[in-house]
Amino acid sequence: MPMETLLTSREQRFVRLAADLADDFAERADEHDRDNTFPFENFERMREAGYLRLTVPEELGGLGADLNDLVAAQERLAMGCAATALVVNMHVSPIGQLASMWRSDPRPRLEQWLRDCAEGKVINAVLSAEPGAPLLRDSRCTAVRVDGGYRIKGKKIFGTGSSVMTHFSSMARFDDPEAGPQIIFYRLPAETPGLEILRTWDTLGMRATQSNDVLFDDVFVPDEAVFHRYPVGTLDGTLLKTVWGWAQPTFAATYLGTALGGVQRLRQQIIEPRGLADQPQIQALMAEITVLTETARATIRHVAQEMTSGHLFTDLDVQSGMSRAVMAKYVGANNAVAIMEKVMQIAGGAAFYNRSSLARIYRDVRAATIQPYNNLDALDLFGKTSLGLPVAPVNPLQAEAVGSRS
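Following full-length UniProt numbering, the numbering of the sequence shown begins with 1 at its first residue and continues without gaps.
Just to be clear, a hint being listed does not mean it is correct.
Said to hold, decoys possible - Here are the computed distance ranges between Cβ atoms for each label pair:
#, residue 1, residue 2, range
1, R267, G233, 44 to 52 Å
2, G148, Q112, 32 to 40 Å
3, P106, D380, 36 to 44 Å
Just so you know, these hints were derived from the structure itself, not from any lab. Where a beta carbon is used, it is the ideal one built from N, C-alpha and C, also for glycine.
Can you make the complete structure from the sequences, with help from the hints?
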């Protein structure tokens with residue numbers, strides 16, 4: 001059953017936009033994977049088509065997509081080029097977070113930021129990943145207080161979007177002499193002095209994301225660039241409402257779409273040309289793929305709806321809400337991996353060659369269970385939440401949301 005039959009007319013509009021782009025990107029996906037290069041031309045196409053302003057409010061010049069719309073669009077986009085979809089998710093998802101906050105608190109600086117996004121002046125990246133600190137509760141990057149702001153030193157890994165960003169958000173640890181150790185979040189232009197991209201990206205999959213390491217060498221962060229802070233080691237309620245509540249379902253949709261791109265190619269390149277549809281073994285495996293697909297979609301869309309309505313962070317405590325958000329990522333990621341395992345079973349030896357698109361997609365989807373929340377961290381969260389045990393002290397949701405000062 002085509003995905004579009006279960007979507008609203010509004011969602012179908014965004015999916016059609018994503019489909020047009022995905023079909024174009026698919027023609028170059030294998031080449032960029034093979035050459036380990038970034039698909040700059042895809043971002044120019046998305047700029048021209050309006051995808052980069054997908055989640056900017058319509059009244060500010062964007063397309064006005066909410067989280068429900070975004071998960072549908074990202075699933076379809078990833079069917080063409082997983083790497084492109086993952087990188088652009090680091091832009092459209094944070095912009096959607098900021099748009100939702102602007103609607104409830106339309107501050108002038110935030111409005112101007114969103115207008116700049118609509119005009120194509122901004123491509124955002126999120127530089128937060130560090131070895132051994134995947135959950136945003138601590139940072140090895142250090143912030144030292146100076147006149148007018150902070151000086152940041154450290155290194156980020158998995159810098160998805162660093163090849164094309166005009167701006168980025170990041171985090172560091174500041175040992176506040178009064179409040180104790182704090183995590184500070186800030187946003188800066190990509191040309192900020194002291195920032196260096198280290199060409200380290202040579203990986204199993206998602207090669208075209210070019211998610212290189214980023215070095216922070218005495219980077220100055222002015223006070224006005226800091227938009228959120230919370231105590232080190234805590235589960236932060238504001239991050240649930242913004243970062244995690246958007247990132248987890250959109251990551252899930254992106255990886256599910258990656259796997260469904262494999263299913264699409266399997267049908268077109270192997271099942272239909274070889275006349276395999278009548279074989280019971282093929283039917284059984286395709287049935288399992290269908291179940292994995294629809295259970296993942298149901299979970300992702302349910303969580304997206306809970307986020308959009310606000311129930312996920314207003315009706316639940318922070319840890320329970322986090323558990324539900326992460327559940328979308330866990331189910332989507334693991335089902336995507338399982339789908340591609342079955343695709344490879346059906347494809348057989350033809351998919352073992354690196355020249356096969358299925359080989360690339362199989363490698364790309366392996367990133368799904370590594371990207372935070374990874375499987376081990378997710379299971380720790382689910383298990384403790386189900387038993388009423390804390391995973392970390394909670395920092396409650398703040399009235400002033402992330403990004404409202406920007």
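> Which hints from the list above does the structure break, by number from lowest to highest?
Replying inline: Violated: hint 2 alone.
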